[in-house]
Structure formats: structure tokens, C-alpha cells
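So the sequences go chain by chain: A and B. Read in order, the letters of the first sequence correspond to residues 10 to 257 in my numbering. Read in order, the letters of the second sequence correspond to residues -13 to 208 in my numbering.
The set of hints was computed from the structure by calculation and includes no laboratory data. No experiment lies behind these values; they were computed from the predicted model shown. There could be a bad hint or two in this list.
[Unchecked claim] Simulated restraints on C-beta separations:
#1 B/Ser206 with A/Gln88: 49 to 59 Å
#2 A/Arg98 with B/Leu22: 32 to 42 Å
#3 B/Ile207 with A/Arg247: 52 to 62 Å
#4 A/Glu15 with B/Leu5: 43 to 53 Å
Ideal Cβ positions, reconstructed from N, Cα and C, are used throughout, including at glycine.
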Amino acid sequence: MKLTLEIWRQKNAADGGHFDIFQLDDVTDDMSFLEMLDVLNDKLLRDKKDPVAFEHDCREGICGACSMVIDGQPHGPMQETTTCQLHMRKFKDGDTITIEPFRARAFPIIKDLVVDRSSFDRIIQSGGYISVNTGQAQDGNAIPIEKEQSQKAFDAATCIGCGACVAACPNGSAMLFTSAKVSHLALLPQGEVEHSKRVRNMVNQMDAEGFGMCSNTGACEVECPKGISLENIARMNRAYLGASVAAE
Amino acid sequence: MWLINLLTSSIGKKVIMSLTGLFLCSFLVIHLLGNLQLLSADGTAFNEYAKFMTSFAPIKIISYGLYAMILLHAVLGIALWSQNKKAKGSKYKVRTTQNTTFAGRNMALLGAIMFVFIVWHMSKFWAAMKFRLDPDATTGVVDLYSEVSGAFSHLWVVALYVFSMVVIGLHLHHGFQSAFQTLGLNHKKYTPLIKGFGTGFSILITIGFSIIPIWMYIQSIS
């Protein structure tokens, strides 16, 4: 199929940036979206032009590296699917595809489609862990946990920290990410012990990074490649309010 | 201090918005119930009610609290809107709106229209009651009813009022359920009820406040 690609180009954080238009004539249905970009970059390199910078790692839909907004949607048009798992059969011959980087003040652009998401790392560093050694898998299994409870914790733990929620949010808010990380530890007995301190520290760090506030538009939930639910945000708000009032 | 930390955090600021918003919802109910007396062509009951509302001390105290709540909700709302705009930074060329509502995306705009409406509304009737109209020498009752029916004999005033009520309805439709989510009150059983109640509430408020100017206009031309 033949495609017209409209891609955001930006040399560095200080550059203003602009869109470049590319024609790609030899795209097949079986290519993943990233493979299609590989073909484009191969062509650009052969023409001695600067290839389009984009992030990728596992290409299996589990690492969360492939951050880009495709036709206005983080990770493109497929529900609960990362960019790397999106295939070109979802597009038609003659389509024009607009590709932009994740946009938020807390995600400064490094180059083209690559953004700096270390603000997420700093939120995790502020409390997204358990301080004691809880052992290996068999030790975890030794503690009986009600199925519904462990399922909720697991659903929250499926967050891959890709930042699509921030990219989709009109306020650039990281509430869905932070609440998923708070929830998955809070719902399990190993994580519950440090819950009060964790939620306060993680919310404070989230605020310090310059993310926006949640106005409950619901845009994040629908763009999340892992289907993280808004229930987590309510749980975090509840926990944060309770912890702030009760903490000594 | 922990309370200042809480109230200046992103979640704390949204909690202030939700609590003031829910308080203003309760005010709308009282305001509507009182105003429905305007539907009776004899203005005596409404005028007596207006006198009671502006002279009974506990209600006067609550009304000052109400003005403070409106101002806090409005000023903080604008501040959060500007902070969120800054946090988003640059906008996308292509934008999608799936899973979001018009009201949800435009709460600040709807709120700003409402604020302009409230200022206009108060300069029209509140200021008339307080400063412009002279009370009856013997009873002390102000003929606010005639002031209101006079205003609603103009079609453009009626149209602007109905438009403002639609704006309020949209703002409530998102705001009511959003306030509960912000407070952390999300539950498989109760959230659908809260959302349903919020929709019904916003429709009732819009229709309830709209029929008053429409009815008074019909009376004025017949």
C-alpha cells in the first residue's frame, strides 16, 4: 500500500519543531507500525537524510517504550494495543497518517518522537516499591490472598508505564499511571504496610514533576494499552486523603 | 503543615473544587424551590419570600458563605485551568475526543460563562432587591416580583436565561459525578447510580429554572 506520513520533526528540546511529509510506496499489510517506520528510516539513510527518531525496545507490547501519537491517539487506533503491536492492515492504501510525539510539559521532547519520561521513574523512586525482601515467587504464593483482591492488584500491575495516559490527557495529568502503581502495591499484604507513606510521597513527586490535575474526562482510560481503570484514580484519591489526615 | 500540604496538592485542590461544587448544587435546589413561586401570577408570596431570605439572620450568614464558595470555586477553577494548560504544553495537530464528553472537556469554559451569567443575574435582581427598589413604607416588602416579570417580558432576556441554564446543566452533568470520583467515591454498585442521578439532576435544574422565564414571558404577552 501507498501511504503519506506526516511526522513531527524536532532536533532537540530547544528547537521549535515542524512536520515533515514522506511518501512510502512499499508498505505491506503484515508490517507492524514500527517496521513501517524502519522501512522509512532505511530509505532516509540511503538518501543520506536524518532518520526519524522513535523509541522502541521489546516490540512485544510489554515494555512501553514505543511512545507516539498516531492520528491523535497514543499508540494508534487499536484499543488496548501498543504501537509495536499495531499492524499496517489497520490502515488503507492512500491513507495519510499523522505521527506526533507524546505531548506534556513533564515529557520534554528529546528528538522527533522521542520524549524524556524519566519523570515517571522519579515517581516510582519516590515510593513504587516494597522496602523489605519479600522473597521469590513461591514465597508470594505462600500468602493466601483472595482471588478478587489479587486480580485487582494484577490489573493495576499490568501498567507498563508508557505514558499514553499523560499523552491522552488534555491536562497532561499522570493520575492514571501513579494510581495504578499505588494500587497494585496497596492491594497486596506485602505492600499495604508502607501504603500511607507511599501514596503521599508518590503524589507529591507527581505534583513536583509538573503534571496536570485530573478533571475526570476519561480520555486516559480509553487510550491505555493495558486497560487500566479510572477506579484506580478514585482509590488513590481516597488513600491520599485518608493518609494525609491520619499520618502522624 | 499537613493541612496546607494536603490542600495545595493536586488532589487537595480538586477536592476543594468538588466540595464547593457539591455545596453549590445544594444551593441550586433551594434557589429553584424558592423561585418556583414566581409561577404564581400573584407576586405576594414571592415578595414575602424574598424579604424573608434577605432579612432572616441565619440565611444572611449562609448567603455570605455562598458568595465565598462561588468565588472560591470560580477563582480556583480558573487557576487550575491555567495550570493544566501549562502542564499540557503544546497541542496535537490531530485531536480525538473519544470516551470524553463536550462538558468534560470544557468545564472551565462552561464555568466562565456561568460566572458572567451570575454577575449579570445579580446586577439585575440581587442589586435591585438590595439597593435599587424602595420597600413598601408599612410592610417593608420589596416588589421584586414586578421587577422579575418586567425583565422576563423581553424575549432576549428569556433567551439568554435559558441558554445560561443549558450551560449550567452541562456543567452539572460532568461536575456532579466528577466530584464523587475526585473524593475517591467510586464503586461498582454506586457509581452508575451517582452518574444516573447526576444526569437527572442536571436536566431537572435546567428545565426547572428555564420554565420560570418562559412562563413569565408567555404571561406577559397574553
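Hint by hint, here is what the structure shows:
1. Between B/Ser206 and A/Gln88 the beta carbon distance is about 54 Å. The supplied range of 49 to 59 Å therefore holds.
2. Between A/Arg98 and B/Leu22, the C-beta spacing of about 60 Å breaks the proposed range 32 to 42 Å.
3. Between B/Ile207 and A/Arg247, the C-beta spacing of about 54 Å keeps the proposed range 52 to 62 Å intact.
4. The supplied range of 43 to 53 Å is met by A/Glu15 and B/Leu5, whose beta-carbon atoms lie about 45 Å from each other.
Against the hints set out earlier in the document, a violation occurs for number 2 only.
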